[in-house]
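Enquirer: Counting in my numbering, the first sequence runs from 24 upward without gaps.
Be a bit skeptical, because a hint or two may be false.
Restricting the straight-line Cα-Cα distance to at most 27 Å, the calculated cross-link-like pairs of lysine-lysine (DSSO-like) are [said to hold, decoys possible]: (1) Lys-46 to Lys-84; (2) Lys-95 to Lys-84; (3) Lys-84 to Lys-27; (4) Lys-27 to Lys-95; (5) Lys-27 to Lys-51; (6) Lys-95 to Lys-51; (7) Lys-46 to Lys-95; (8) Lys-27 to Lys-46; (9) Lys-51 to Lys-84.
Listed next, with one range per pair, are the computed distances between beta-carbon atoms [as the list claims (entries may be wrong)]: (10) Lys-27 to Met-85: 16 to 24 Å; (11) His-70 to Leu-97: 15 to 23 Å; (12) Gly-87 to Thr-41: 15 to 23 Å; (13) Glu-98 to Gly-53: 15 to 23 Å; (14) Gly-53 to Thr-94: 27 to 35 Å.
Hints are computed from structural coordinates only; laboratory data are not their basis.
C-beta: ideal position from N, C-alpha, C; glycine also.
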Amino acid sequence: MTFKEQVYDVVRGIPEGTFMTYKEVAIKVGRPRAMRAVGMVLSQNYHPDVPCHRVIRSDGKMGGYNRGGVTKKLEILTREGAL
DNA sequence: TAGTTGACCGGAA
DNA sequence: ATTCCGGCCAACT
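Modelling step: build the complete structure from the supplied sequences, incorporating the hints.
Expert: Next comes the structure, spelled out in structure tokens:
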């Protein structure tokens, strides 16, 4: 099980209408200091099964989105009722 | 193997 | 509140 595999699994396990920060995900995978690596993996991730739109920054802002842009990401979160 | 990059975070100015 | 800087980790070339 590689780092990114674990990241995918954790993000996949995020319930609908909820969101986690990159730091939280990093902690989940057992690498509290690898928050940056998490972001990179998600940026490299084009896997539709992984709801990477539920992962945001600790500031409450959103990092990015490879599937439609930040706007789309915000719309998805709003549609899921995360806001 | 070594160097560069990135969807980050926290503290300081 | 905003901007700047350093640190940390994995992937990619």
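Enquirer: Could you run down the list of hints and mark each one as holding or not?
Expert: Status of each hint after checking the structure:
1. Lys-46 to Lys-84: holds, 13 Å
2. Lys-95 to Lys-84: Roughly 14 Å between the alpha carbons, so the hint for Lys-95 and Lys-84 holds.
3. Lys-84 to Lys-27: Judged against 27 Å, a Cα distance of about 23 Å means the pair holds.
4. Lys-27 to Lys-95: holds, 24 Å
5. Lys-27 to Lys-51: holds, 12 Å
6. Lys-95 to Lys-51: This hinted pair holds, its Cα atoms lying about 26 Å apart.
7. Lys-46 to Lys-95: holds, 22 Å
8. Lys-27 to Lys-46: holds, 14 Å
9. Lys-51 to Lys-84: At roughly 20 Å apart (the allowed maximum being 27 Å), Lys-84 and Lys-51 satisfy the hint.
10. Lys-27 to Met-85: 16 to 24 Å: For Lys-27 and Met-85 the Cβ distance comes to about 20 Å; the hint holds.
11. His-70 to Leu-97: 15 to 23 Å: For His-70 and Leu-97 the Cβ distance comes to about 21 Å; the hint holds.
12. Gly-87 to Thr-41: 15 to 23 Å: Holds - the Cβ-Cβ distance for Gly-87 and Thr-41, about 19 Å, lies within 15 to 23 Å.
13. Glu-98 to Gly-53: 15 to 23 Å: violated, 32 Å
14. Gly-53 to Thr-94: 27 to 35 Å: holds, 33 Å
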